[in-house]
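Trainee: One line per chain: the protein sequences are A and B, in this order. Numbering that gives the first Met the number 0 puts the first sequence at residues 0 to 562. Numbering that gives the first Met the number 0 puts the second sequence at residues 0 to 498.
These are computed hints drawn from the structure, not numbers from a lab. All of these numbers come straight from a predicted model, not from anything done at the bench. All C-beta atoms, glycine included, are put in the ideal place defined by N, C-alpha and C. Keep in mind that the hints are not guaranteed to be accurate.
Claimed, not checked - Stretch by stretch, here's where chain B covers chain A in the computed footprint (C-beta under 8 Å, at least three residues):
1. 13-21
2. 538-549
3. 554-562
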Amino acid sequence: MIEGLNPGTILILGALLVPLTSGVIRSILLLVLPILALGQLYALGLGVWGQYEFLGLSIEVTRIDKLSRIFGTIFCIASLIGVIYSLHVKDTVQHFAALIYMGSALGAVFAGDLITLFVFWELTAVTSVFLIWASRTERAFKAGIRYLIIQVTSGVTLLAGVILYYQDTGSIAFEYIGLGSLAGGLVLAAFGIKACFPFLHNWMQDAYPEATVTGTVILSAFTTKLAIYALARAFPGTEILIPIGVVMAIFPLIYVVLVNDLRRVLAYSLNSQLGFMVIGVGIGTELALNGTAAHAFIHILYKSLLFMCMGAVLYRTGTVKTSELGGLFRSMPVTMVFCLIGAMSIAGLPLTGGFVSKAMIMSAAKDYGIVVIWLVLLFARAGVMDHAGIKVPYFTFFGQDKGIRVKEAPFNMLLAMGIAAFLCIFTGVYPAFLFSLVPFEPTYDAYTAGHMLTSVQILLFAVLGFVLLMRYKIYPLEQPATILDFDWIYRRGLKSLTLAIGRLILVVWGWILGVANGALGAIINVTARTHGDGKLMARTASSGRSIALIVAILGVVVVFFYR
Amino acid sequence: MTGLSSQFAALVVVLPLMFAPICALLRGRTLPWAITTIVSALSFYVSIELVIAVNTGGPISYHMGGWAPPWGIEYLVDPLSSYMLLIISGISTGVLIYARDSIAQEVADKHLGLFFTAYLLGLTGMLGICITGDAFNIFVFLEVMSLASYVLIAMGEKYDRRALTAAFQYLIIGSVGATFFLIGVGLLYMMTGTLNIADIASRFSEIEDTRPARAAVAFLVIGIGIKLALFPFHVWLPNAYSYAPTIVTAFFAGTATKVSVYLLIRFIFTVFDPEFAFGIIQLKDILMPLAVLGFLSMSAVAIFQTNIKRLLAYSSVAQLGYMALGIALASEAGLTAAIVHMFNHAVVKTGLFLSVGGMFFMVGSVYLKDLAGIGKRMPITTFGFVLGGLALIGVPLTPGFISKWYLVVAALETNSNLGYALVVAIMMSSLMAVIYIWRVVEVAYFRSPPEGAEHKEAPLSLLVPCWMFILGSFYFGIDTTVNVGLAETAAAFLMGGAP
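Extracted from the complex, chain B is given alone in its bound form (with noise of 0.2 Å):
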């Protein structure tokens, strides 16, 4: 590659950190959103030449400042970042084009621009964190994600002012979290002398028996966890989807978990290799009692919530148990259906809560109580949520049954009692997810609206984004090329590249 292209890999992470600061200084409503939003969109198209780069010529590896690694900092676009960054900027640009009304009416007036700074330094965080090669370089991204995140939750304090007690108890928890990946780094660097994540891959295998390099390992997973908000570390989550703004709830449900998801998959598949986590500390019996645990307990949680953000937060931890079970099953199917559930939960939770979203611009709430009747005081809105839920149930055709179909198919693969009782649990915890939707489509349908409700839709710059991702959503349900075919790249080259 050549010119500007050659310097995609840096252009991706580089664009929306220039721009962050940029926003701050501009005031009003329109001119913040309308440069995070073109910046985003630049992300997601330099994003879609790395995916096609990186899937037509390999991996690229971009050296910062032009110093080589492992002296200078790595940028690594692998089929699995590549993948990453698609959905990150993808999602991220989908929203912002939701955002403007939406985010006018939840935030005041002159926290526009901090927010929408905040909104891109969240972004570039996401994005260094799949595309970086080196660990620390990692932990730097993370806390820019985890900051910004903090102060976008609590922008929602314009509605409700547990906004901030969430953000706060975010930012204790997230803390530890990050302290945690932290204390893993540091010890794998103190054994291996290196940040470099090609470097500690290929020096891990001769201290993999030592105590400090194990106590890496549990540092590591369990503080992944914790962003990932994996069962039982998922105390902040709930409430901090529920509090913040619309949009930025549906871009964190879309991507933020996602990014621990992905940072789970690249310590265990590149730098532990599969054979050392699943074969000599045994590091299944660990994930996969929390992943089956997590989709059970939460998506049952979510059945009896009364606040529908709420309840689709409970879901998406459900979610990642699958995503973690995907992972806990150590084989390239169960592999790909991790890989592949973060897109599909990604388009379609993002798709969910901007019909929430839509609903609580007209109506003022997410309680079901207030949303009796909505869906003939807003019917083309309501049918874009009973639709997601149809692919979060995981109905044929959309994209949450390809994900299971992929997740059962692997489980199956396993050939043990274990695998058919794991099929049993998905099914189960698909059969909630059935009943929570239809309580909402029960209220939504089958209470008559209140004395006197107005019937008006959302305006149309809400109604086309909301069902873009809804329609997107069927799309990838039917034509999975794009979905499971960059994912089955992804896992082949990570179950290929472990040494």
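The shape of chain A in the complex, shown without the other chains (with noise of 0.2 Å):
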């Protein structure tokens, strides 16, 4: 392979070939693709290559260490599943806009510089896009143009504080930046965006259950992780990050138990588990940073089991409401045993992934001396294994019976799920695993006996805790309805000027587009003129004339030397 191509590019660069195949040929070349990504990640080691002085400023394409390693290894796994989970599919816009959006996400987790990271930034969101919107439907399309609205005010945020940073700092090396300026400040709220802060995070349970089966799973692995990625290269020990951690990890969950939507229930736990990430960038020693990146990995996981999961029952049944589902333990006993596995991780359960990694930031909490912030995990804890670990499993295949009889998941579905249970497994049973990939020397123990039985007790009384809301119907289960959260104000207040301003947009960028085409069709009429069959340049001189003309140039050349 190419000395210090980043890895990312291989998806990227693979991905055009992509609309050139199809059948078994494109089946191939979707699985070869992460492969190769990963074997040039580990072929590459660790380093830096591709520098490059642009227009005065360092470019670092490629830079291989720990923290960008451990992402990038679960990023090349996770398009791996992704792209197994999605072989099915047969749109070509699909899995052309999936591998791009991968690789743009695997090449910003690798950029050197802050410019690198803005052009993959930028990619990874308006490529996302398309998954949402190949769903097809009128409320995906506009769930999608609200998506890329913010998408891309993350990235022009982002721009916005790498301009001001090399300005003040004359460097735009992707290291630790820090609160110190407004510049800091921007790069904060651009990571913010896509790593979904309280009040910033509308757009991922907006947008995400209305992308398709596969799309989500793929979506959910991606984009906040990255922005997690970026909070602990240039944030870390950022103490803001605490508090806003904290209410990321609780606030979700009461929205969690009221939504009907099993896949929108699995985004809202998605933001609590950010909020564990943002805590331990925030508290920022090794250890903390250590449960970040492996949280991290372990999260994709079971987060992408879990989607999986849910994205088999609505391939299959058409719905995945609660209020719908029920009983189809019968009908998909496979499906239904991955989905135990990933809440099983997703609650921390000793044995699984989760238990490791979860019990490492809260250690790290433990140690920093704060004893709320380790009562607030704890309590997003139970809240978690309450939501995700036993509403999502419950309400799907167990609980009232709907009648819903239906075929198992494909097998391709079934083998992504697998892999991704066999992961979740394996990482809990085998630590050393995991630990040989986080970015510090590790120093931990997650099987002490203190460990085991903290956890074994906060799950067993989220258990209790579920059953008895069952019991006395107090849980509020099954109701269709619509919850307000806090887009509903930029939502509808803002819209009605951001459609003005967006028609202002239109005219003009009808009115660039006009010219540009008018330009474009100038050039080829010209070229057609000159360069066309039977034309000037096409056109085979007489030997008299070509001679004429090497004699012609002969003689400047030669005066050109005598000078």
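Both chains are given apart, each in its own frame, so use the hints to dock them into the complex.
Mentor: What follows is the structure, encoded as structure tokens:
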């Protein structure tokens, strides 16, 4: 392979081949690309490649250190799982967009400077929206537009921050930035939008449930974790992140109980899990960053596992509303088992990956000395257990049998789920694998009696709570209702203003496109007139004229050399 | 080295030269072909041995007839020339495997023996140019190669009489080029009193400010430029490539112009030394505009062609522009790009011409209008063309991508606005490559075949060598140790060899 080629570009460039293939060849291509990227990542080892001076800025296309490597590794694995899961899809646009999206997320992780980061950052935004639009419904289209606006805003904010940062420091290296200046604030805001900080979070719950079955699985793995990586790189130990993370971890739990659409439930719980990681970054100690990276790793596995299970249910039954599902364990037993493994992992049951990574972040919080954080994390963990760990499997596979009888999920979906489930268990049983990947030297033993006891206790309490609520019929279940979130304000209030601006932009854009179209047409015309078949440049000149031309040029060259 | 292996440097040229007249005496379809193929394969084997020897033991100097240079003729095998020997003999052997059925159809039976004689002489000329260390000897081999190629191109007359005029025009323009080259060498001989390249190089710095030396440089650059089909000296090439028999086109597209690129590199970097060529006389200002104009303009012309062979011929001129640009960048990275692209383009273009040859073999035409729906009629051959096309465009995992990657890196290394402009130009040219390959794909797959057209693949003897080149090109796009590794060694040798 080419020395220093950013592994992300393998996926992006490979995506260009997708439209030319079909059938088995396309499947092979799709499967090979993530494996090649992973191979490239490990073939390169640690180091820095592709440094250029561009307009006085030092670009660093590929930087692999231990922090970017663990994120890159899980991104490659998630790409592979996502590709397997979507093999049955025949939609070229989805495959194409998904590959470029995954590749640019991967590329962003290995970006060594802020400009490269920005380019990939925007690319993830622009390509991922196609996975939402691919549902081809009116709702999905509108949600996609909202999603795109917010994502591009994040990119623009990032660019503004980078420019200011360059003016302040004269460097665009993607290293610790900190909150010292306006530039740092803008960059943090840009990362915060993608990381779903409170009040910046609605795009996710809005858009993810509208994406296609396979699109949601792929979307859930990359965008937010890329933001977590960026935070861990640029803002470790920034204390403001701790309260932000705390709110993130708890706030979505309220909605989780209320919401009916199970994919939206998962989106809210995803938000809560991100809170864990943001707290980890805010604490910023080695153990905390290790925990954050490890948690992101495990989180991608179990979250995509759960999304895959819900996707399989949606694929077969056509719905993921709690009010319409129930008793599916008869029809989809294998999916049920995988869903339970995912639930156990998200709940942090011992012997699953979630246990190890959550224990690391909680220990870091305890060492940090603020008991409140530890308690909050404990509470959030119990909450997660309640909703994602129990609610999702219960209402889908058990609960009241609604008499839905469908086939088991297709083989490729089961295979993808199986790989994710295996990795969830494997990292839990054999945490040394995870520790070998974390960015700092690990000095942590997850399986002490104390940890085990704490986690089993809270989990039991969560189960107890769920059972009690169900028993006394207090649990707000199976109500098809619309839940208002913070985004109501800007979806209504800002809408008219935005529309006015939008119309103006459309007019200007239309004019620019018109001019560009005219110019392009003129260029093509001139080219056709001079380079067309039998025209000046394509004509065979007579030998005499050719020789005359040659001699003339010789004359010019001789004079040129004599000077 | 001892025994036979000590004579390898001579053998690689002498073998094809010796067997050429023997072929002229032979009749029938198989015998001359078999002998030519075996001889070419032997040359290929010897070339591999020479590459290994040079890369382990350093350059080899062989004294013809035991006469020490500068009096005798010296054969000098250094990393660059051994790389060239490898390309030329390898392409030649691959094409010859394909040749038996193809040439029997395209050339009159009574001419077959002479055809292979000319072929072997052409091979001799190319190998000789690359291996000899004597400036006049280069001219001799250049003429051997050229005369053979005029004959070979004219052989296409069985199908299209325009081959004769194409060959004649090539003869006129090619002879002018060779003459310019000879004038240049003569002037150098006049000033330095020697014809040995190493000798000229060591004395060149003393005479570099004299008028005859400057004139010599001009004559050499233009002379080689004509043979190289550097834009705008390319007039002879599209016709010659369109009307020559398939295997001649495939062989020459892969090798003949590359030999001239080799000569340009040899004279600029070994004889003149880059400091003179790019520092004092600013050769870059001549070469770079021609190269850039060349690949932009010729890619544009290729878009509008209706004859696939002609389309590929124009694309070849464009690709030569990339190589010239690599040289003009005057850096080790640029030189590596140029040398790597010689290899990569040779493999890819030969594969493309061979797949077009397969279509011609079955359909009897290379015009787009006759090839509608060819993707359904000859799926394997056409898919080979598509893969080759991707490699030509420079899609990742193909050698075209490797070459462009190095070229872009070299352009960026200049750290100037010019470098960015060059990158934009390269990208535009690649985009045009997408368009002209797409035109063929569109005709091949999206038009329905004419009524009653038979669905039949080309015979295996054509398919196998064609796919050998196609798959080979993908191999060299992924494992680049051979093509890039050797090119880097050669470039480092040339840049380091400059005093």
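Trainee: For each hint, tell me whether it holds in the structure or not.
Mentor: Each hint tested on the structure:
1. 13-21: n = 4 at 8 Å, threshold three: holds.
2. 538-549: holds (count 7)
3. 554-562: holds (count 5)
The structure fails none of the hints (numbered hints given earlier).
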